[in-house]
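Protein sequences, first through last, are from chains A and B. In terms of the numbering used here, the first sequence has 630 at position 357, counting the first letter as 1, and numbering is strictly consecutive. In terms of the numbering used here, the second sequence has 612 at position 339, counting the first letter as 1, and numbering is strictly consecutive.
One or more hints might be untrue.
For identical chains, the list gives no copy identity; a pair is met inside one copy or between any two copies.
Unchecked claim - Cut-off 30 Å, straight-line C-alpha distance, at most; resulting in silico cross-link-like pairs (DSBU-like, lysine-lysine): (1) K536 - K423; (2) K340 - K654; (3) K331 - K408; (4) K654 - K278; (5) K654 - K343; (6) K654 - K330; (7) K357 - K332; (8) K654 - K408; (9) K558 - K278; (10) K331 - K536; (11) K361 - K343; (12) K574 - K332; (13) K343 - K614; (14) K278 - K536; (15) K614 - K278; (16) K423 - K558; (17) K558 - K343; (18) K536 - K340; (19) K340 - K558; (20) K408 - K558; (21) K342 - K332; (22) K408 - K357.
Keep in mind the hints are simulated off the structure, nothing from the lab. Because the structure is a prediction, the values reported are computed rather than measured.
Number of protein chains: 2
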Amino acid sequence: MLMEKLRTHHTRDIEPEEMADKSVTLAGWVHEVRDLGGICFVVLRDREGMAQVTLVKKKVDSDFFNKAKKLMRESVISVTGTVKPEEKAPNGYEVLPDDITVLNESCTPLPLDTTGKVEAEMDTCLDSRYVDLRKPRTSAIFKIRHEVLKAVRDNFTREGFIETTTPKVVATATEGGTSLFPITYFDREAFLNQSPQLFKQILMSGGLEKVFEIGPIFRAEEHDTRRHLNEATSIDMESSFSDHFDIMETLENTIAHAYSQVKENASQQLEYLGIDLEVPETPFKRLTYSEAIDIINQYGKEELEWGDDLSTLSEHTLGEHVYNETGAHHYFIIDWPTEIKPFYAMPYEDNPEISKTFDMMHTRLELSSGAQRIHYYDMLKNRIENQGLDPDSFDFYLDAFRYGMPPHAGWGLGCERLLMTMLGLENIREVVLFPRDRRRLSP
Amino acid sequence: MLMEKLRTHHTRDIEPEEMADKSVTLAGWVHEVRDLGGICFVVLRDREGMAQVTLVKKKVDSDFFNKAKKLMRESVISVTGTVKPEEKAPNGYEVLPDDITVLNESCTPLPLDTTGKVEAEMDTCLDSRYVDLRKPRTSAIFKIRHEVLKAVRDNFTREGFIETTTPKVVATATEGGTSLFPITYFDREAFLNQSPQLFKQILMSGGLEKVFEIGPIFRAEEHDTRRHLNEATSIDMESSFSDHFDIMETLENTIAHAYSQVKENASQQLEYLGIDLEVPETPFKRLTYSEAIDIINQYGKEELEWGDDLSTLSEHTLGEHVYNETGAHHYFIIDWPTEIKPFYAMPYEDNPEISKTFDMMHTRLELSSGAQRIHYYDMLKNRIENQGLDPDSFDFYLDAFRYGMPPHAGWGLGCERLLMTMLGLENIREVVLFPRDRRRLSP
Chain A
274 MLMEKLRTHH TRDIEPEEMA DKSVTLAGWV HEVRDLGGIC FVVLRDREGM AQVTLVKKKV
334 DSDFFNKAKK LMRESVISVT GTVKPEEKAP NGYEVLPDDI TVLNESCTPL PLDTTGKVEA
394 EMDTCLDSRY VDLRKPRTSA IFKIRHEVLK AVRDNFTREG FIETTTPKVV ATATEGGTSL
454 FPITYFDREA FLNQSPQLFK QILMSGGLEK VFEIGPIFRA EEHDTRRHLN EATSIDMESS
514 FSDHFDIMET LENTIAHAYS QVKENASQQL EYLGIDLEVP ETPFKRLTYS EAIDIINQYG
574 KEELEWGDDL STLSEHTLGE HVYNETGAHH YFIIDWPTEI KPFYAMPYED NPEISKTFDM
634 MHTRLELSSG AQRIHYYDML KNRIENQGLD PDSFDFYLDA FRYGMPPHAG WGLGCERLLM
694 TMLGLENIRE VVLFPRDRRR LSP
Chain B
274 MLMEKLRTHH TRDIEPEEMA DKSVTLAGWV HEVRDLGGIC FVVLRDREGM AQVTLVKKKV
334 DSDFFNKAKK LMRESVISVT GTVKPEEKAP NGYEVLPDDI TVLNESCTPL PLDTTGKVEA
394 EMDTCLDSRY VDLRKPRTSA IFKIRHEVLK AVRDNFTREG FIETTTPKVV ATATEGGTSL
454 FPITYFDREA FLNQSPQLFK QILMSGGLEK VFEIGPIFRA EEHDTRRHLN EATSIDMESS
514 FSDHFDIMET LENTIAHAYS QVKENASQQL EYLGIDLEVP ETPFKRLTYS EAIDIINQYG
574 KEELEWGDDL STLSEHTLGE HVYNETGAHH YFIIDWPTEI KPFYAMPYED NPEISKTFDM
634 MHTRLELSSG AQRIHYYDML KNRIENQGLD PDSFDFYLDA FRYGMPPHAG WGLGCERLLM
694 TMLGLENIRE VVLFPRDRRR LSP
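Generate the whole structure from the sequences, applying the supplied hints.
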């Protein structure tokens, strides 16, 4: 094919000793041009790394030398030449070029510096992702995102889960919330779905038993923080004949597998990010909600009562306390008050004030929440009514509970939050290619 | 955990001889109750298959016998009992129960018959997916969908592609089309994205080189056919330093791998569907657009001129002709007139009336289209203008072509069309859990 002429190898594929004096063709971007008078170095960058292309003035045609020296940074080139081992060069070799083809010239000045020497504002990076991604540090994040998604799916498949796709355009709010984006769906009003919750439960009635979905969720919340997005990727699962304790194990395994796969398959990328990744040990610590409240009241700066939800401040107090006690970043808070959890959470039979629920926390923030769900039609309908919602608008969901709904449990895990805590990043926008927030709708 | 008591094995996990006289606990749905007077058979169904639970009146407590006999079909039960090899029973064994627990009783009558004896209308099935999915034939489709998605991703990973996530809420139409669903995004107007096209191209400028995405696309077309949906799953890829011929190979490999993985991992499901799956041979036949026109004019019922798009009728003529000649269902039509392809398709340098484009066809319908893309800013801007679109609204996209866009190519493949042609299904709604069309917005 035509394109084979543009590249025979990636920069990382070249073994300096084995391939010495062989002819290769590399393709990529002009990362840097260093003209030292008698010698000119062109650093070519591709997805896998860098290669030094060396031109010695006395040894090459002067037109060729002058053309190389004037290459615009970030232009796209293809270089054919001979491999020469050179310890001081990236990857231990340089290429002595016979030919350099400019495939597409770059304009100047660049919207931001790709060498990472000059820091750019977050907004500049996001506006110019097409250049920002050329920084090894930025592309490393998305290579790791790929590894995380792959590891999560592999773990689900290993545990017998089936991948499902549920609709993003829906007629009813999942939890009756107001934080929905309205759509004009032909002549009707519809909404963007904020969670696959109701659908994955319906699939339990359908007998698929174990399902997962990794897909977009949409929340019209007016947050403007570093840990909220209006469009995010949710990792969701639901499992029949399971209680909350069963699925907490799946969750721990998922997290641990993601960490270990990233460590194994993205070591170079972790290096770019300066991260020495530690795989969390399982099982994660389990704290009850009541214990959490006690810890917060003893060590924190605010006084909570049983039944209160946890503020961000309280979560930090708790996270620090658990980390100091155990050295672990991940832990569960279980047995939450039924009243502050969604209508589908199952209360304990012997103490209905408490529910079979959990949040999975990282020292820095909440990553996941889950529960055994109510599988009884009457109980569920009552809970919907008690929360001031109209059961009629949940007909399509409630019907699934009338004809043999098994006991089941499930959780949702924020993909971006998992990534930002794994990589120690401050802003959730760093782990999304084209983030969507209150102000940002483009690119 | 609590739930371990509800199930020790799936029905398929039991080895009749090895586990004879052992105690097991099964959980699932009451598929059928056959009361023969002195003996009562309860057929329990779980995700993996069926098991026969046998009660002999003389040998069990009469209350227990009467309770079993009155079990409602499709109730959820857990059965503990002893395994007894029995050749005539499903999977070669029966269970002699010590205990049957009803976990959730089903109402009656059921919205449709789960045994498959009574056929239901498509609309009834879709309205009651929670029962429809209990038919082995229906759940088989979604187990196969899982295998297809897994195989497609595995093939991408094997070929060095990175999974990406691009936004579904966007400010601009991908191809300036009118078939967009408008969203109220806070105080602005936005749209649901109809294709990741522009974003995956931006990622090529970003140097990710090989990316794929499997995600929802939304088209507000007023079609009401058996092969269109308003929300569908698109399999998209884009590859740098590649031309259209390179990515046609990736596409063939993807299709062949999906077929072979389904054949290997879902043989039971193929059996439920009565399908003897044949893995397509690669490479697929390549026809030029001009050759296609000649075939249609020679064998078809309509006369086309060079430059015309192919009608559904013409596609059928062509598909039948190719199948009769080669015995193959899959083939490519390459080298389309530039004018009838989108603005981003690359014309041939030596003959700009023809473009570096292809459609990948199945005998029945088009599955995929792809192209080498224009990577030059000026040429692309001209093409946008020539198609009557406003280049200003494409700024976020065009900018990515100014600072070093490599040559690249990509395709989109309809996940649902791949499935319906693989499984010989007539209606695209059969391969989607909760389809969205002009009339259907729920469940």
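These are the hints, each one checked on the structure:
1. K536 - K423: both (13 Å within a copy, 23 Å between copies)
2. K340 - K654: between (75 Å within a copy, 28 Å between copies)
3. K331 - K408: neither (34 Å within a copy, 78 Å between copies)
4. K654 - K278: For K654 and K278, the Cα distance is within 30 Å only across copies (27 Å; inside one copy 66 Å).
5. K654 - K343: For K654 and K343, the Cα distance is within 30 Å only across copies (27 Å; inside one copy 73 Å).
6. K654 - K330: Answer is neither; intra-copy 82 Å and inter-copy 39 Å both fail.
7. K357 - K332: For K357 and K332, only the intra-copy Cα distance (15 Å) is at most 30 Å; the inter-copy one is 86 Å.
8. K654 - K408: Between copies, since 27 Å is at most 30 Å while 53 Å is not.
9. K558 - K278: between (56 Å within a copy, 24 Å between copies)
10. K331 - K536: neither (46 Å within a copy, 62 Å between copies)
11. K361 - K343: within (24 Å within a copy, 82 Å between copies)
12. K574 - K332: Neither, since 72 Å and 67 Å both go past 30 Å.
13. K343 - K614: Neither: 64 Å inside a copy, 37 Å across copies.
14. K278 - K536: neither (35 Å within a copy, 37 Å between copies)
15. K614 - K278: between (60 Å within a copy, 27 Å between copies)
16. K423 - K558: Classified as within; 26 Å inside a copy, 33 Å across copies.
17. K558 - K343: neither (60 Å within a copy, 45 Å between copies)
18. K536 - K340: neither (42 Å within a copy, 55 Å between copies)
19. K340 - K558: Neither, since 63 Å and 43 Å both go past 30 Å.
20. K408 - K558: neither (38 Å within a copy, 41 Å between copies)
21. K342 - K332: within (15 Å within a copy, 95 Å between copies)
22. K408 - K357: Classified as within; 26 Å inside a copy, 65 Å across copies.
Taken one by one, the earlier hints fail for this structure at numbers 3, 6, 10, 12, 13, 14, 17, 18, 19 and 20, listed in ascending order.
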